[in-house]
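Colleague: Sequence:
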Amino acid sequence: MEAIDLRQNLITTINTLPSDMLEELNKFISFLEYKNTSNSKNLKEEVLNNLRTSAKEMQMIKEGKLKAKNANEFLDEL
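Under UniProt numbering, think of the first position of the sequence shown as 1, with each following residue one higher.
Certain hints may be false.
[Said to hold, decoys possible] Straight-line Cα separation of at most 25 Å, DMTMM-like style, residue types lysine to aspartate or glutamate; simulated pairs: (1) LYS62 to GLU73; (2) LYS62 to GLU23; (3) LYS67 to GLU77; (4) LYS69 to GLU24.
[Stated by the list, open to error] With beta-carbon atoms standing in for the labels, derived distance ranges: (5) ASN70 to ASP5: 29 to 35 Å; (6) ASN42 to ASN15: 29 to 35 Å; (7) ASN42 to ASN9: 20 to 26 Å.
Think of the hints as simulated: they come from the structure by calculation, not from any bench. Where a beta carbon is used, it is the ideal one built from N, C-alpha and C, also for glycine.
All chains should be built: construct the whole structure from the sequences, respecting the hints.
Modeller: If you want it as structure tokens, here you go:
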């Protein structure tokens, strides 16, 4: 898939999230902005894989195939 398609898929997925999940996603992204990371390719791939997994899980929650976690459970995993 091309980068443009990935970007559009991510935007579409984010736009369909409930407001409470958007708040949690915003907090997580803000956390990532402050984290000092290197330009390692492995780290970049890890982050991209985590985002892909998260998007798949959010879609499964939306389809009712996976139970959503509350904010405390989410934060405990971090």
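Colleague: Are the Cα atoms of LYS62 and GLU73 separated by 25 Å or less?
Modeller: Given pair LYS62, GLU73 holds - Cα atoms ~18 Å apart, limit 25 Å.
Colleague: Check whether the Cα positions of LYS62 and GLU23 lie no farther apart than 25 Å.
Modeller: The given pair, whose Cα atoms are some 16 Å apart, holds under the 25 Å limit.
Colleague: Could you grab the alpha-carbon distance between LYS67 and GLU77 and see if it respects the 25 Å cut-off?
Modeller: holds, 15 Å
Colleague: For a C-alpha distance cap of 25 Å, please report whether LYS69 and GLU24 respect it.
Modeller: Cα-Cα ~11 Å, so holds.
Colleague: Does 29 to 35 Å hold as the CB distance between ASN42 and ASN15, or does it fail?
Modeller: For ASN42 and ASN15 the Cβ distance comes to about 30 Å; the hint holds.
Colleague: For the range 20 to 26 Å, tell me whether the beta carbons of ASN42 and ASN9 fit it or not.
Modeller: Hint holds: Cβ distance 23 Å, inside 20 to 26 Å.
Colleague: How does the Cβ-Cβ distance of ASN70 and ASP5 compare with 29 to 35 Å: does it lie in that range?
Modeller: For ASP5 against ASN70, whose Cβ atoms are near 32 Å apart, the range 29 to 35 Å holds.
Consistency with the previously given hints is maintained throughout, with no hint failing.
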